[in-house]
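So you can see what is in the structure, the chains are spelled out below.
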Amino acid sequence: MSTMFGLPIEGEHLYTLEFGDIVPYFSLYTCSLFIFAAIFIIIAIITKPEKQATIVFGTDGFFEKEINISDLKFQRFMAIACGLATLGAMVSGDIFNYALFTALVGITNIGIVAATDNRHILNAAFHYGIVAMVATVFLFGGAAIALATTGTLSIWALAGKNLVPIAAKIFLVFGVFGEGMAPFYIGKSEMIRAPGAPYVLMIHVSSLLIFLRVVEIVLTV
Amino acid sequence: MQFYQIGLAAALVCVTISFWALMRERDDVHKLLLVDLIEIIGLVIIALVATDLAEALILPGLVVGISELIALAEIYIRKERRFVRTHKPIQIEVMKTAPPIISFILVVYGIILSGFSGGAVAGLGVVFYFMCIGHSERFELLETLSGYAWAFWIIAFFIFMILPQYWFIAVMISGGAILLKVTTKMSLIGTMRENYQEEQS
Numbered sequence: 000m001s002t003m004f005g006l007p008i009e010g011e012h013l014y015t016l017e018f019g020d021i022v023p024y025f026s027l028y029t030c031s032l033f034i035f036a037a038i039f040i041i042i043a044i045i046t047k048p049e050k051q052a053t054i055v056f057g058t059d060g061f062f063e064k065e066i067n068i069s070d071l072k073f074q075r076f077m078a079i080a081c082g083l084a085t086l087g088a089m090v091s092g093d094i095f096n097y098a099l100f101t102a103l104v105g106i107t108n109i110g111i112v113a114a115t116d117n118r119h120i121l122n123a124a125f126h127y128g129i130v131a132m133v134a135t136v137f138l139f140g141g142a143a144i145a146l147a148t149t150g151t152l153s154i155w156a157l158a159g160k161n162l163v164p165i166a167a168k169i170f171l172v173f174g175v176f177g178e179g180m181a182p183f184y185i186g187k188s189e190m191i192r193a194p195g196a197p198y199v200l201m202i203h204v205s206s207l208l209i210f211l212r213v214v215e216i217v218l219t220v
Numbered sequence: 000m001q002f003y004q005i006g007l008a009a010a011l012v013c014v015t016i017s018f019w020a021l022m023r024e025r026d027d028v029h030k031l032l033l034v035d036l037i038e039i040i041g042l043v044i045i046a047l048v049a050t051d052l053a054e055a056l057i058l059p060g061l062v063v064g065i066s067e068l069i070a071l072a073e074i075y076i077r078k079e080r081r082f083v084r085t086h087k088p089i090q091i092e093v094m095k096t097a098p099p100i101i102s103f104i105l106v107v108y109g110i111i112l113s114g115f116s117g118g119a120v121a122g123l124g125v126v127f128y129f130m131c132i133g134h135s136e137r138f139e140l141l142e143t144l145s146g147y148a149w150a151f152w153i154i155a156f157f158i159f160m161i162l163p164q165y166w167f168i169a170v171m172i173s174g175g176a177i178l179l180k181v182t183t184k185m186s187l188i189g190t191m192r193e194n195y196q197e198e199q200s
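Protein chains in written order, with numbering that gives the first Met the number 0: chain Y, 0 to 220; chain V, 0 to 200.
Treat each hint with caution, since some may be false.
Unchecked claim - Which residues of chain V face chain Y? A few of them, derived with a C-beta cut under 7 Å, are:
| hint | residue |
| --- | --- |
| 1 | ILE45 |
| 2 | LEU56 |
| 3 | VAL63 |
| 4 | SER66 |
| 5 | ILE74 |
To be verified - Each computed DSS-like pair below joins lysine-lysine, with the alpha-carbon atoms no more than 25 Å apart:
| hint | chain 1 | residue 1 | chain 2 | residue 2 |
| --- | --- | --- | --- | --- |
| 6 | Y | LYS72 | Y | LYS47 |
| 7 | Y | LYS64 | Y | LYS50 |
| 8 | V | LYS30 | V | LYS78 |
| 9 | Y | LYS47 | Y | LYS64 |
| 10 | V | LYS184 | Y | LYS50 |
| 11 | V | LYS78 | Y | LYS64 |
| 12 | Y | LYS72 | Y | LYS50 |
| 13 | V | LYS184 | V | LYS95 |
| 14 | V | LYS78 | Y | LYS72 |
Just so you know, the hints here were simulated from the structure itself, not pulled from any lab data.
Cβ coordinates follow ideal geometry from the N, Cα and C atoms, glycine included.
The whole structure should be built from the sequences, with the hints applied where relevant.
Now the structure itself:
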């Protein structure tokens with residue numbers, strides 16, 4: 000048994016899945032994040048997309064906008080994929096796997112935002128994509144520096160020992176800042192909310208969850 | 000460790016320079032290229048660790064970088080409405096006569112080499128053939144072949160792990176399978192040339 004579950008942030012030990020030194024673990028903390036992500040996957044699967052209506056000013060009339068079914072299907076697929084990547088990031092017991100899952104969350108977020116023909120939204124998605132790509136450097140860089148100084152990537156093995164240098168932690172947090180930046184960029188997609196709702200919800204959830212998890216990792220290792 | 004610190008400092012200087020360039024750049028395509036440059040430096044930071052594990056970490060890092068780059072390029076195309084028009088490809092006589100013999104030599108040499116590098120050489124031959132002669136739509140065949148090759152590769156790895164005394168047959172299976180897999184994957188590049196004649200008729 001690792002020293003990890005003595006730490007205040009983890010809470011009780013619920014379940015661990017051991018593959019050598021890479022150990023996905025469910026503590027009270029990661030398990031509650033996992034369940035939260037799973038609930039939002041189910042929401043993305045079962046809810047029906049909204050239709051956008053624009054009110055004609057000063058009258059009772061309104062326009063309904065046509066949304067391509069294929070775009071919506073793509074968005075739903077990407078939302079589910081984003082949820083699965085978030086699930087992986089929540090329970091992964093390896094810093095590099097966490098970085099990879101977070102990068103995957105970034106890619107799928109781009110997919111959710113970009114499935115539209117509106118030029119402004121595509122612009123926003125493009126700029127978010129550039130930030131997300133730049134952020135992968137910090138994510139992987141943080142993991143690589145942690146590996147170089149400690150010789151392992153396993154959160155399980157590093158827990159409570161305070162071996163990972165502060166620079167690696169800062170890099171990791173910076174990387175997650177970049178990947179979790181999506182909610183700022185989808186403001187444009189929110190303004191014309193319907194092309195994407197309820198799938199846009201997944202972007203908020205995933206970025207919130209990867210932030211919460213990186214806090215746990217940084218405090219643990 | 001000394002080398003590692005020098006290397007890390009050099010990589011961070013490179014990151015700073017490319018960030019500066021990205022900050023000043025206004026054109027979207029150039030931004031995309033600069034971001035790719037930054038990704039490569041990220042891989043350098045991983046490569047500096049210089050262990051087997053680091054080598055294994057570079058591949059997923061590269062895959063993530065490339066997939067993000069492809070996604071962004073698609074968004075750029077859709078955003079700027081820049082769809083490629085079909086154009087008449089170059090047709091010179093040497094492109095009709097040379098491919099059979101050169102592709103044959105490359106493929107045979109690739110099979111002799113076997114393994115990953117052999118796959119690359121043989122794949123180059125097939126790319127050359129497809130690019131010059133053109134192709135009819137046989138993607139299913141290539142995909143099926145690639146899928147079976149992958150399955151054989153995995154089977155070979157199971158033999159390594161479960162029955163290590165039969166390592167020789169496992170080496171043979173995995174060498175042949177990776178040859179096929181890399182060849183088919185690379186030959187898909189050759190099929191990027193559109194069949195002009197087919198589309199015109």
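Tested hints:
1. Interface hint status for ILE45/V: upheld, as the beta-carbon distance to the closest one in chain Y is roughly 4 Å, under 7 Å.
2. For LEU56/V, the suggested interface contact is upheld, since its CB lies about 6 Å from the closest CB of chain Y, less than 7 Å.
3. With its C-beta approaching chain Y no nearer than about 5 Å, VAL63/V sits inside the 7 Å limit, and its interface hint holds.
4. Taking 7 Å as the C-beta cut-off, the interface hint given for SER66/V holds, the closest approach to chain Y being about 6 Å.
5. Among the interface hints, the one on ILE74/V holds; its C-beta lies about 5 Å from the nearest C-beta in chain Y, closer than the 7 Å criterion.
6. Restraint check for LYS72/Y and LYS47/Y: satisfied, since their Cα atoms lie roughly 11 Å apart, inside the 25 Å limit.
7. For the proposed pair LYS64/Y and LYS50/Y, the alpha carbon gap of about 7 Å is at most 25 Å, so the pair holds.
8. As the CA atoms of LYS30/V and LYS78/V are separated by approximately 15 Å, the hinted pair is consistent with the 25 Å bound.
9. Between LYS47/Y and LYS64/Y the CA atoms are separated by roughly 16 Å; this keeps the pair inside 25 Å, and the hint holds.
10. Restraint check: the Cα-Cα separation between LYS184/V and LYS50/Y comes to about 42 Å, which exceeds 25 Å; the hinted pair is violated.
11. A threshold of 25 Å between alpha carbons decides the hint, and for LYS78/V with LYS64/Y the separation of about 20 Å falls inside it, so the pair holds.
12. With a CA separation close to 14 Å, the supplied pair LYS72/Y and LYS50/Y stays within the 25 Å bound.
13. Simply put, LYS184/V and LYS95/V have alpha-carbon atoms about 24 Å apart, close enough for the 25 Å limit, and the pair holds.
14. Among the hinted pairs, LYS78/V with LYS72/Y is consistent with the structure: their alpha-carbon atoms are about 20 Å apart, no more than 25 Å.
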